[in-house]
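So the chains spell out like this:
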Amino acid sequence: MLLFLYKRAKCYNADMEFNNLQQNIFETGPITVDQFIKQLNDRIKPVNVKIIGEVSEAKCGPTGHMYFSLKDEKNPAVMSCAIWRSRYNLFGIQLKIGMKIVASGHCEIYAPSGRLSFICDSIELTGEGALKKEYDRLLAKLTAEGLFAPEKKRAIPKFCRRIGIITSKQGAVIHDFLNNIGKFGFQIEFIDSRVEGQLAVGDLLASIRTFKKSQIDVLVIMRGGGSLEAMLAFNNETIVREIAAFPVPVIAGIGHDKDVPLAAMAADVAVSTPTAAANLLTQSWQEIFRALDHYQSTIIGGYKNLLAQADSKLRQHTGILGNFRYILQNIVKSLDIKMAGFMAATKSAITAGASQIEYIEKIIESYNPERQLKLGYSIAKLNGKILKSAKSVKKGAELDIVLSDGIINSQVTGTKLN
Amino acid sequence: MENKKKSDSLNDNLKQLAEISAWFSGQKEIDIELGLEKVKIAAELIKTSKEKLNKLENEFKEIEKEFSGDQEQAESI
Numbered sequence: 001m002l003l004f005l006y007k008r009a010k011c012y013n014a015d016m017e018f019n020n021l022q023q024n025i026f027e028t029g030p031i032t033v034d035q036f037i038k039q040l041n042d043r044i045k046p047v048n049v050k051i052i053g054e055v056s057e058a059k060c061g062p063t064g065h066m067y068f069s070l071k072d073e074k075n076p077a078v079m080s081c082a083i084w085r086s087r088y089n090l091f092g093i094q095l096k097i098g099m100k101i102v103a104s105g106h107c108e109i110y111a112p113s114g115r116l117s118f119i120c121d122s123i124e125l126t127g128e129g130a131l132k133k134e135y136d137r138l139l140a141k142l143t144a145e146g147l148f149a150p151e152k153k154r155a156i157p158k159f160c161r162r163i164g165i166i167t168s169k170q171g172a173v174i175h176d177f178l179n180n181i182g183k184f185g186f187q188i189e190f191i192d193s194r195v196e197g198q199l200a201v202g203d204l205l206a207s208i209r210t211f212k213k214s215q216i217d218v219l220v221i222m223r224g225g226g227s228l229e230a231m232l233a234f235n236n237e238t239i240v241r242e243i244a245a246f247p248v249p250v251i252a253g254i255g256h257d258k259d260v261p262l263a264a265m266a267a268d269v270a271v272s273t274p275t276a277a278a279n280l281l282t283q284s285w286q287e288i289f290r291a292l293d294h295y296q297s298t299i300i301g302g303y304k305n306l307l308a309q310a311d312s313k314l315r316q317h318t319g320i321l322g323n324f325r326y327i328l329q330n331i332v333k334s335l336d337i338k339m340a341g342f343m344a345a346t347k348s349a350i351t352a353g354a355s356q357i358e359y360i361e362k363i364i365e366s367y368n369p370e371r372q373l374k375l376g377y378s379i380a381k382l383n384g385k386i387l388k389s390a391k392s393v394k395k396g397a398e399l400d401i402v403l404s405d406g407i408i409n410s411q412v413t414g415t416k417l418n
Numbered sequence: 001m002e003n004k005k006k007s008d009s010l011n012d013n014l015k016q017l018a019e020i021s022a023w024f025s026g027q028k029e030i031d032i033e034l035g036l037e038k039v040k041i042a043a044e045l046i047k048t049s050k051e052k053l054n055k056l057e058n059e060f061k062e063i064e065k066e067f068s069g070d071q072e073q074a075e076s077i
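So the sequence lines, in the order shown, correspond to chains W and U. So in the working numbering, spot 106 of the first sequence is number 106, and the numbers just go up one at a time. So in the working numbering, spot 31 of the second sequence is number 31, and the numbers just go up one at a time.
Source of the hints: derived by calculation from the structure; they are not laboratory data. Don't take each hint at face value.
[As the list claims (entries may be wrong)] Using 30 Å as the maximum straight-line C-alpha spacing, the simulated DSS-like pairs for lysine-lysine come out as follows:
#1 Lys152/W - Lys65/U
#2 Lys65/U - Lys50/W
#3 Lys65/U - Lys158/W
#4 Lys158/W - Lys47/U
#5 Lys141/W - Lys100/W
#6 Lys50/U - Lys304/W
#7 Lys169/W - Lys65/U
#8 Lys394/W - Lys381/W
#9 Lys391/W - Lys374/W
#10 Lys61/U - Lys153/W
#11 Lys212/W - Lys153/W
#12 Lys374/W - Lys394/W
#13 Lys141/W - Lys212/W
#14 Lys416/W - Lys395/W
#15 Lys61/U - Lys183/W
#16 Lys50/U - Lys158/W
#17 Lys183/W - Lys15/U
#18 Lys65/U - Lys304/W
#19 Lys133/W - Lys59/W
#20 Lys50/U - Lys183/W
[Unchecked claim] Okay, the calculated bits of chain W under chain U, using three or more residues with CB under 8 Å as the criterion:
#21 185-194
#22 198-207
#23 301-309
#24 333-339
[Said to hold, decoys possible] The following label-pair restraints were derived from C-beta to C-beta distances:
#25 Glu62/U - Glu145/W: 30 to 38 Å
#26 Leu53/U - Lys313/W: 33 to 41 Å
#27 Asn54/U - Ala308/W: 31 to 39 Å
#28 Glu51/U - Ser284/W: 17 to 25 Å
#29 Ala155/W - Ala22/U: 18 to 26 Å
#30 Thr63/W - Glu66/U: 18 to 26 Å
#31 Asp12/U - Gln170/W: 36 to 44 Å
#32 Gly225/W - Leu53/U: 27 to 35 Å
#33 Glu66/U - Ser284/W: 26 to 34 Å
Using N, Cα and C, we set each Cβ at its ideal position, and we do this for glycine too.
Excised from the complex, chain W in its bound form (with noise of 0.2 Å):
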């Protein structure tokens, strides 16, 4: 069965220009073979569509390009199709005898052998078997060639300020991607390009090889989940060999549902939505934002730190001096104590002097000659000595009798003895 989708436009304009063509070719009598085959190849090269059938016969041509017969399935119908070397190898498909193929592309008829062709854009397998099949293969051809491998896969830098992205316009992958980046000064270059099916081949290989060329920090492809069939794209031979060696590092945003695709294992980084691409890219910046509030705590507060241990220190030193007034105001007060205590003394001891001096006074002058003699007694002397005998004298004698008030001469007339 061979399936044609005509874009129903295309379709309705070329109904009408074949009719014009039918009108004017029998207006303007007879035109030449070749006027004919340009004719109806301007009129059938316009019209794309897809074809379905089984491979059933392929050659390889002497400049690489493909020349195959696609079978219908059931009824006995046979289309020669062609496909150019750049287009064959980009689909990575080794066309095989019985292989079930979509073939994209147009109608052509060679003038030289008069042979209508149908001129491949694209080819996709069909059917999740041979998909899986192709994907287990391509998956084991390059982890053998190490494309994979954990040690290739580079950093994300950090701070990245120009950012490739490759997706389609349409849907919300683009969006969530935007709404999700922030603000944070990034140059974002963005390539619209299809994603879905074996048609975004193209569409991606010339967007990752225009990315090559530009001044860009890391590259982000995304596109949202599907399955081996709308993944195609990112299964494909050349795409996945295009990431891998891509210049900066490379993040891939590709939803997927059980086989992750080829090219979001070449990529740096595999993400699976657009929401945590941006994350990633975002994450450097958003630690400035940490790491900015955390210097100001750590350094503010190390600050303060300084400033309470300071403090400490200074009250651990008004403590000290506090110690040394209380102990110098013991020490005085003890002075005091003392002071007052000798002062006491000395009072005391000039009061019993002063009484002991009195009292001698007294004794003295309780003893006092003149005392007696005031009291009427009298000193006899005789020769100037004191005269404590009646023996001492004999009669004839001269005496000095002192009185409190002078002296009497006297002559001794007689002593009696007691």
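Position chain U relative to chain W; hints supplied.
Frame of chain W, contents of chain U only:
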């Protein structure tokens, strides 16, 4: 006190802040005046860094991919 050149780079600012932070962490002898100098420098670095971060705006530009061109002629069909 070591006077570092004022830098426009956020990365350099962070490095200087990390050094100052480490200085405070490792401080055993009290040097209040030196500490104050460092706090002043740190405050300035934090302020300018935050201002710079707050001013950052993204630039978004859509560019065209360059097709290498697969215009090939079939040598025969």
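request  = Any hints from earlier that this structure breaks? Give me their numbers in increasing order, please.
outcome  = 18 and 24
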